[in-house]
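First residue of the sequence shown? That's 112 in the numbering used here, and the numbers climb one at a time after it.
No lab work stands behind these hints, which were simulated from the structure alone. One or more hints might be untrue.
[What the hints assert, rightly or not] Distance condition first, Cα-Cα at most 27 Å in a straight line; then the derived DSS-like pairs of lysine-lysine:
| no. | residue 1 | residue 2 |
| --- | --- | --- |
| 1 | 246 | 215 |
| 2 | 232 | 216 |
| 3 | 246 | 211 |
| 4 | 246 | 231 |
From a predicted model like this one, the values you see are computed outputs, not experimental measurements.
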Amino acid sequence: MFEQDKAMLAEKLEEIFEQIPCNDFYETGSKFICNPPVLDTDEDYVFDCSEVGQADAAGEFLSGYGFYVLDMADDEYDDIRENFTSYRLGDLNFIICNNKLFYKKFVLATQLSAELNLLKKEDRILLFQAILYGKIHGEEV
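All chains, full assembly: derive it from the sequences and hints.
Below you can see the structure in the form of C-alpha cells.
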C-alpha cells in the first residue's frame, strides 16, 4: 500500500471505529499480544456484530472503504466459517463475528495470550484453537 493511502486510511480509521454497525471491538493479533510487539505484521481487530443483520451491515460498510473479504476456501476452515468473516485492507484485518460467544472467546484468548506474553506464533495458535474450538493440535478435547 502506498504511503499516501496509509495516511488517508489512518485518518479514516477513527471514523470507521465510530461508525461501524457493531456492538464492540477489541484489538487482537501479535502487534497487540506480544511484548515487544511484532511490527512487520497485520493490525488485527475483532468485532462483535452479533445482533441480527449487523454482520452483513458491517460488511457492506467496510466494503465502502475498500475492504475485501479474506478468502477462507480451504477445507480446514469449514467448521469455523459460520462464526466470522475477515475483511482486509492493506495491513488491516477486521474480524467480524456474528456470534457473541465466539467474540467473547476471541477476546478471552487475546487477553490470555497477552497476559502470558506468547511470543511464538504456534503457541498463540494452540491457545486460540483450544479456547475457540475446544481443539488441541486439531483434535477435539
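Here is what the structure says about each hint:
1. Distance check on the hinted pair: residue 246 and residue 215 sit about 17 Å apart at the alpha-carbon level, within 27 Å; holds.
2. For a cut-off of 27 Å, the pair hint linking residue 232 to residue 216 stands: about 18 Å separates their Cα positions.
3. Annotation: proposed proximity of residue 246 to residue 211 holds, straight-line Cα distance about 20 Å (limit 27 Å).
4. With a CA separation close to 18 Å, the supplied pair residue 246 and residue 231 stays within the 27 Å bound.
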